[in-house]
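Chains as they are written, first to last, in our numbering: chain A, 1 to 407; chain H, 1 to 262.
These are calculated hints, taken from the structure and not from any lab test.
Any given hint might turn out to be false.
[Stated by the list, open to error] Under 10 Å between C-beta atoms, here's a sample of chain A residues computed to sit facing chain H: (1) S27; (2) G29; (3) E45; (4) E50; (5) H66; (6) Q70; (7) S311.
[As the list claims (entries may be wrong)] Here are a few chain A residues that sit away from chain H, every Cβ distance over 12 Å (derived from the structure): (8) L8; (9) D9; (10) D14; (11) S19; (12) K20; (13) D44; (14) T60; (15) G72; (16) T99; (17) T128; (18) V157; (19) V286; (20) A302; (21) G310.
Ideal Cβ placement from N, Cα and C applies to all residues, glycine included.
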Amino acid sequence: MPTEIITLDGHIIDSLTLSKVLDILVSAGVDYEIRRFEIGRTHDETSHAEILVRAPDEETLQRALHEVQQHGAIISQENAELQPAPQDGVFPDGFYSTTNLETFVRIEGNWVPVERIEMDCGIRVTPTDSGWRAECVPLHRARKGDLFVVGTAGVRVTPMPRRGAESVFHFMGSEVSIEKPKTRIVQAVARTIRDTKARGQKVLFVGGPAIVHTGAAPFLERIIRAGWIDVLFAGNALATHDIEYALYGTSLGIALDTGTPETHGHEHHLRAINTIRALGGIRQAVEKGVLKGGIMHACVVARVHYVLAGSIRDDGPLPDVITDVMQAQDAMREAIQGVGLALMVATTLHSIATGNLLPASVTTFCVDADADTVIKLTDRGSHQAFGIVTDCAFFLKELAEQLCGEG
Amino acid sequence: MPRLLMCPPDHYALRYEINAWMHLENQPDLALARHQWQRLYEQVRQLAQVELVSPAPECPDMVFTANAGLVVREGEVLLSRFRHAERRVEEPHFRRWFEEHGYIVHIMPDDCPFEGEGDILRAGERYLGGYRKRTQICAHRVASEYLGHEVLSLELVDDRWYHLDTALFVLDERTVVYYPGAFDSYARRVIEEHFDTLHVVEEEAMHFACNSVVIGQTVLMPEGCPLITALIERRGYRVIPIPMSEFIKSGGACKCLAMFLE
C-alpha cells in the first residue's frame, strides 16, 4: 500500500482545515492515521498535525495528495541520506536498519522501491542508466564504498494491510490458534495455496524432522509429487530421517509401521548418511536407484529446489547440506525470490531463519504442536505469520486430502 | 482618521482575461470609468485621508490597489505575489511606493501566491483569508506570522468570486456581510460560528455588493443592491451607492479600488 506523510500547520482547527483534509482523504478512499498533533494554546497560536496517509494504489494516493495540498497539506520532500560503507562487511554509522515491510527510499525526489526486502539489513543504493536502484543487503555482503541509507529521512515503509473480514483467519482473535476448528483452517490453507499457484507465485515448505518421526512423511510426499511445493527448506535431520525411513523403514531407529524400536536401529540414520555420502548426494542416490521413495526422492523427481542448511549438532552431514551458515542464508535468499506463500511445519530453527529472510508480504503459516514456536516467530518480527497449533501429522494428512483428494 | 491608497485610472484598460468577468469583447467605457472612479475617490476623501500611487502604463489593473499587499502592522506591509503574470508587473511599482513612504516591505516566498487585501480582511483581532482561486492557503500561514493573529482560512469555490473581497466584507468586528454561494460548506460553518452574519443574495452579489468599503458608519457600496442596503441601514449604517459598471467588467468595484493603510 503506498503511503506518504503530510503535515498541516496554521489555524487548522478554527478554520476547519484539519476536518476538511481528513474528510477529503476519506472520500478519496484513503486511510489516515494522525501521528502527531500539537494544538495552539491560544487563538493566535498555530496548531500542527502530522498525518500518515495510506492508499490502496499509487494513483489514488497522488490524487488525494494533490487535493489536500490545495488546503495547505505539505508533503514530505526529504531525500534519503547516503553514506559509503567504511570497509567490507561494515555499514556506515547510523545506517537505516530494515524491516520486512515494503519500503521505498526517496532519491533525488523520486521514491525508489527497495528490492529483496528483508528485516535487519541495510539499504544499498546504486545509480543505474535510468535512475537509481535500492536493495536490501545483509551485513556480510556490504562492500567498502557501497552507498547505504543512513537515518530515517526519505524512507517510507508501508504498514501491513489489515486482514480482510472475509478471511477465514480473521475470526481468530489471537494470531495463534489453539481452540479453533482445525479442519476449516486446513481447508483455508489449501485454498490459499491454490490461489498462490494460480497467481504464478511459488510455494515454500519449511519442515522439521518431526514430520518423519510422526509418520507424516507420506502425506508431504504426496503433496510434493502433485506439484504443490516449489521450494523446500530443511536441515540435515529431516533429509536424513526421511532417507533412513526410505532405506530401513525406521526413523531414529523406530519402525514406523509398528512403532517399536529395532535392534541396532539407532545406527540406521548414520548408515543412511554414509550411503548417500558414498554416492555423492541425494540426486545421485535417486538416479542410481538406491533411493526409491520419501520426501527427498519426491523433491528430486518433482524438481523442487531444496536448500538444506546445517547446524552444529548435525551428524555427517549429507553432502547436500550447506554447513557454512552465511552461505546457507544466501542460498535461501536466492531461493525465496518469487515465493508468495510459506508453510512452516514442525521446526523452530528453520522457521525463524526463514522468517528473517521473508518479506512481510509473503503469506506465512506456521504449524506446530507447540504454541511457543509460533510465538517465537512473531516475536522475531514475522508478524504476518498465522499460527496453527496442531499435530503435524494431522495437518499434513488433511492438507494432502484437500490438495490431492482422498488418498 | 483612516488612510487609504488609491490609483488613478489613467491607464485602466481591459487587455487580457484572467477572471470570469473579463471578456475582451466587453470593453469598459474609459471615460465613464474615470467618472466612476472620481465619484468613489470624492466619497472616500470625505471620510478618510487618501494617498495616491502613480499609475504605470504597462499595468492596466494597477487601479485595483487592494491587491497591492496587506499592512501587517504600522509601517510594515506584506507585498502581494500575484498569481497571474499579467499582474505580476504591478509588484515593483507598489513596492517602490511603499519603500518611498517608509514602509518595511515583507516578501512572500516565491511559490506562495498572495493578492493582498483582496484575500485577507481584518475583523477586529482576527483575520479572514480567502484561498484557492488567487491566494493559496500557504500565504495565510505566512501572513498570520507577520500579523501575530489568527487567519481563518475560507475556501472560495465559485470562479466569479475569485477574491475574498468580492464575496465578503466586514461591517464591524463582530459582523460579516457575505454571499454564501461563494464559499464551501466548511467556510460557511467557520463564518457562521465566529460572526453575526448578513447574507447577500446572488443577484446583488453579481452587482458586487460584497465589494464595499466600510469607513466608520458609512458603507460605500456598488449601486444596484437594495436588499442588503436595507439590512445594513437597519443596523444604523449609512449606505452610499456608487456606480461601478465599468470596473465590474474587469471583476472589481469599490473595495478593489482602495487599500487600507491604517
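Right, here's what the structure says about each hint:
1. A hinted interface residue such as S27 (chain A) counts as satisfied when its beta carbon comes closer than 10 Å to some beta carbon of chain H; here the least separation is about 13 Å, so the hint is violated.
2. The interface hint given for G29 (chain A) is broken, as the beta carbon of that residue sits about 20 Å from the closest beta carbon of chain H, more than 10 Å.
3. Satisfaction of the interface hint for E45 (chain A) is found here, the shortest Cβ-Cβ separation to chain H being roughly 9 Å, below the 10 Å cut-off.
4. About 16 Å separates the beta-carbon of E50 (chain A) from the nearest beta-carbon of chain H, more than 10 Å, and the hint is not met.
5. The beta carbon of H66 (chain A) is not positioned within 10 Å of any beta carbon in chain H (closest approach about 13 Å), and the interface hint is therefore violated.
6. A cut of 10 Å between beta carbons decides the hint on Q70 (chain A): the least distance to chain H is about 6 Å, and the hint holds.
7. For S311 (chain A), the shortest C-beta to C-beta distance to chain H is roughly 60 Å, which exceeds 10 Å, and the interface hint is violated.
8. Not every Cβ of chain H is farther than 12 Å from the Cβ of L8 (chain A); the closest lies at roughly 10 Å, contradicting the non-interface assignment.
9. Non-interface status of D9 (chain A) relative to chain H is broken: a Cβ of that chain comes within 12 Å, the nearest being about 6 Å off.
10. For D14 (chain A), the requirement that its beta carbon stay farther than 12 Å from each beta carbon of chain H is not met, with the minimum near 6 Å.
11. Distance check for S19 (chain A) against chain H: the nearest CB is about 7 Å away, which does not clear 12 Å, and the non-interface claim fails.
12. Distance to chain H contradicts K20 (chain A) as a non-interface residue, since its nearest Cβ pair spans about 5 Å, not more than 12 Å.
13. Listed as a non-interface residue, D44 (chain A) fails to keep its Cβ farther than 12 Å from every Cβ of chain H; the least gap is roughly 5 Å.
14. Taking the minimum C-beta to C-beta distance to chain H, about 22 Å, the non-interface status of T60 (chain A) holds against the 12 Å cut.
15. The Cβ of G72 (chain A) does not lie farther than 12 Å from every Cβ of chain H; its closest approach is about 4 Å, which violates its non-interface assignment.
16. Every beta carbon of chain H lies more than 12 Å from that of T99 (chain A), the smallest distance being close to 34 Å; the non-interface claim holds.
17. The non-interface label for T128 (chain A) is consistent with chain H: the shortest C-beta to C-beta separation is roughly 31 Å, beyond 12 Å.
18. Every C-beta of chain H lies more than 12 Å from that of V157 (chain A), the closest at about 28 Å, which supports listing it as non-interface.
19. Separation of V286 (chain A) from chain H is adequate, the least Cβ-Cβ distance of about 69 Å exceeding the 12 Å criterion.
20. Look at A302 (chain A): its CB is around 61 Å from the nearest CB on chain H, clear of 12 Å, so calling it non-interface holds up.
21. With a minimum CB-CB distance of about 60 Å to chain H, G310 (chain A) clears the 12 Å threshold, and the non-interface call stands.
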